Amino acid sequence: MMNEKFIDNWTIQLKKTILPLLILNMLKQDQLYGYLLIVKIKECTGFEITEGTIYPILNRLKEDGWLDSKWVEQKTGIPRKYYILTPDGNNMLKELNVNWNSIIKNINSQLKYETE
Amino acid sequence: MKRSDFDSIEAYKIYANYIAQVNDIISMLPKDDVLDIINEIDSHIYESFICNKPIISEEERIKTVICNLGAPQSYLKPVIAERQLRKAINKYNILGILRGIFTLLLTGGQYVAVILAYLFILSGGFLVIAKVFYPAKTGLFIEDGNFIGLGYLAQINTEAIELLGYWLIPVLIVSCVIFYFFMTFILKKIMGIKIKLNLKNRRI
Chain A
1 MMNEKFIDNW
11 TIQLKKTILP
21 LLILNMLKQD
31 QLYGYLLIVK
41 IKECTGFEIT
51 EGTIYPILNR
61 LKEDGWLDSK
71 WVEQKTGIPR
81 KYYILTPDGN
91 NMLKELNVNW
101 NSIIKNINSQ
111 LKYETE
Chain B
117 MKRSDFDSIE
127 AYKIYANYIA
137 QVNDIISMLP
147 KDDVLDIINE
157 IDSHIYESFI
167 CNKPIISEEE
177 RIKTVICNLG
187 APQSYLKPVI
197 AERQLRKAIN
207 KYNILGILRG
217 IFTLLLTGGQ
227 YVAVILAYLF
237 ILSGGFLVIA
247 KVFYPAKTGL
257 FIEDGNFIGL
267 GYLAQINTEA
277 IELLGYWLIP
287 VLIVSCVIFY
297 FFMTFILKKI
307 MGIKIKLNLK
317 NRRI
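Sequence lines, in order, name chains A and B. Position 70 of the first sequence, counted from 1, bears residue number 70 in the working numbering, the numbering being contiguous throughout. Position 170 of the second sequence, counted from 1, bears residue number 286 in the working numbering, the numbering being contiguous throughout.
Just so you know, the hints here were simulated from the structure itself, not pulled from any lab data. This structure is a prediction, so every number in the text was calculated from the model and none was measured. Glycine included, C-beta positions come from ideal geometry on N, C-alpha and C. One thing to keep in mind: the hints can contain errors.
Capping the alpha-carbon separation at 20 Å, the derived lysine to aspartate or glutamate pairs in EDC-like fashion look like this [what the hints assert, rightly or not]:
no., chain 1, residue 1, chain 2, residue 2
1, A, 28, A, 68
2, A, 94, A, 73
3, A, 81, B, 175
4, A, 94, A, 68
5, A, 70, B, 149
6, B, 305, A, 68
7, A, 40, A, 88
8, B, 193, B, 148
9, A, 81, A, 8
10, B, 118, A, 73
11, A, 16, A, 73
12, B, 147, A, 63
13, A, 62, B, 259
14, A, 70, B, 152
What follows is a set of in silico ranges between Cβ atoms, one per label pair, in the way DEER data are often shown [to be verified]:
no., chain 1, residue 1, chain 2, residue 2, range
15, B, 126, A, 90, 29 to 37 Å
16, B, 245, A, 40, 21 to 29 Å
17, B, 245, A, 76, 43 to 51 Å
18, B, 236, A, 73, 16 to 24 Å
19, A, 45, B, 241, 47 to 55 Å
20, A, 97, B, 287, 33 to 41 Å
21, A, 48, B, 208, 53 to 61 Å
22, A, 56, B, 166, 38 to 46 Å
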C-alpha cells in the first residue's frame with residue numbers, strides 16, 4: 001500500500017518534470033494550440049493528465065521567453081491560440097535534449113548494472 | 117461559446133457556470149489578460165467539446181470536458197499570483213506586492229521571509245502614527261546606556277530616556293522608504309533568480 005502511494009507520487013512528479021521538455025519538443029516540430037498539444041501528449045506518452053495543468057506551464061514558458069503565442073481566427077468563430085518556440089527557446093531546448101539524453105543513458109546503464 | 121452552440125440548455129448552463137467561475141477568479145487582472153485567459157479556456161472547451169463522441173448527450177460531453185480541464189482555481193491561481201506580483205514589483209506598488217505574495221503563500225508556501233520584511237515596513241508606518249498620538253510612549257528608549265527598545269512601549273521605567281524625540285518620525289519615514297525600495301529590489305532579484313533556478317532545475 002505504502003509502495004503504491006510512493007510509486008504514484010514519484011510517477012506524478014516525474015511527469016510534471018518532463019512535461020515542459022515534451023511541450024518544447026512538440027512545439028519545435030509545429031505550432032500547436034493548447035487542446036491539440038494535450039491530445040498529442042496523450043497520444044505520444046499515454047500520460048493521463050489534468051488538461052488544465054498544461055496552461056500554467058505554457059504561461060511560465062512564455063513568461064520566461066521560450067515560447068511566443070498568436071491568436072488565429074477560425075471559421076467556427078472560436079479562435080485558437082497557437083504557441084510557437086522562440087529562437088531562445090530553441091537554443092535552450094537543444095541543451096535540455098542533450099542533458100536529457102545524457103541522464104537517460106547514465107541511468108539506463110546503472111539500471112542494467114543493478115539488474116545483472 | 118454561445119448559447120446557439122448548444123442544443124441543450126442544461127449543457128449551456130454548465131458551460132456558462134464554469135466560465136463565470138473563471139471570470140470571478142481572474143477578475144482582478146487587467147482586461148487584456150482576462151480576455152486572453154477566457155478566450156483560451158473557451159477555445160479549449162470548444163475544441164474538446166466537438167471532439168468528444170456525439171453518442172453521449174451534450175450535458176455529459178460538457179461535464180467530461182470540464183472535468184478533464186479541472187477546477188479553475190487549481191490551475192489559474194498560481195498564474196494570477198505571479199502575473200500580479202511581477203506587475204506590482206515593476207511599479208513598486210506595495211499593496212500589489214503584498215497581495216501577490218499572500219496568494220503565492222497560499223498556493224506555494226514561499227516568500228515567508230519577504231512578507232515578514234514588508235510587515236516590518238508597515239510597522240514603521242504604525243510607529244509614526246503612534247508617535248503623534250502617544251509621544252511619551254513611542255520612540256528609541258535607553259536606560260543606563262543600554263538599549264531597551266524601539267517602538268511603542270506600554271510601560272516605561274522612570275529612568276528610561278527616549279533619544280530621538282520627534283526626530284523619530286522623519287527617521288522612520290526615511291528608513292522605511294529606503295528599506296521598502298531595497299526590499300522590492302531584492303524581491304526583483306529573487307524573482308529573477310527563481311526563473312534562472314527553474315531553468316537550472318530543468319537541466320539537472
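For each hint, the structure was consulted:
At roughly 12 Å between alpha-carbon atoms, residue 28 of chain A and residue 68 of chain A fall within 20 Å of each other, so this suggested pair holds. Annotation: proposed proximity of residue 94 of chain A to residue 73 of chain A is violated, straight-line Cα distance about 32 Å (limit 20 Å). For the given pair, residue 81 of chain A sits about 26 Å from residue 175 of chain B by alpha-carbon distance, which is inconsistent with the 20 Å threshold. For the given pair, residue 94 of chain A sits about 18 Å from residue 68 of chain A by alpha-carbon distance, which is consistent with the 20 Å threshold.
At most 20 Å may separate the alpha-carbon atoms for a hinted pair to count; residue 70 of chain A and residue 149 of chain B meet this at roughly 14 Å. For the proposed pair residue 305 of chain B and residue 68 of chain A, the alpha carbon gap of about 24 Å is over 20 Å, so the pair is violated. Straight-line distance between C-alpha atoms of residue 40 of chain A and residue 88 of chain A comes to about 23 Å, which puts the hinted pair past the 20 Å bound. Taking the CA atoms of residue 193 of chain B and residue 148 of chain B, the gap is near 17 Å; set against the 20 Å cutoff, the hint holds.
In summary, the hint linking residue 81 of chain A to residue 8 of chain A is not supported, as the alpha carbons are separated by about 33 Å, beyond the 20 Å threshold. Between residue 118 of chain B and residue 73 of chain A the CA atoms are separated by roughly 16 Å; this keeps the pair inside 20 Å, and the hint holds. For the suggested pair residue 16 of chain A and residue 73 of chain A, the alpha carbons sit about 31 Å apart, so the restraint of at most 20 Å is broken. Proximity of residue 147 of chain B to residue 63 of chain A is assessed by CA-CA distance (about 18 Å); at most 20 Å being required, the pair is judged to hold.
A C-alpha spacing of about 58 Å is found between residue 62 of chain A and residue 259 of chain B, which places the hinted pair above 20 Å, so the restraint is violated. With a C-alpha separation of about 11 Å, the suggested pairing of residue 70 of chain A with residue 152 of chain B holds against the 20 Å cut-off. Evaluation of the 29 to 37 Å hint for residue 126 of chain B and residue 90 of chain A yields a failure: the beta carbon distance comes to about 46 Å. Checked against the hint of 21 to 29 Å, the C-beta distance between residue 245 of chain B and residue 40 of chain A comes to roughly 59 Å, which is inconsistent with it.
At roughly 59 Å, the beta carbons of residue 245 of chain B and residue 76 of chain A sit outside the given window of 43 to 51 Å. In this structure, residue 236 of chain B and residue 73 of chain A break the distance hint of 16 to 24 Å, their C-beta atoms being roughly 51 Å apart. As the Cβ distance of residue 45 of chain A to residue 241 of chain B is approximately 53 Å, the hint placing it in 47 to 55 Å holds. A C-beta distance of roughly 56 Å is found between residue 97 of chain A and residue 287 of chain B, which places it outside the suggested range of 33 to 41 Å.
Range check, residue 48 of chain A to residue 208 of chain B: Cβ separation about 44 Å, and the 53 to 61 Å hint is violated. In this structure the hint that residue 56 of chain A and residue 166 of chain B lie 38 to 46 Å apart at CB is violated, the actual value being about 25 Å.
In the structure shown, a violation is registered for the earlier hints numbered 2, 3, 6, 7, 9, 11, 13, 15, 16, 17, 18, 20, 21, 22, in ascending order.
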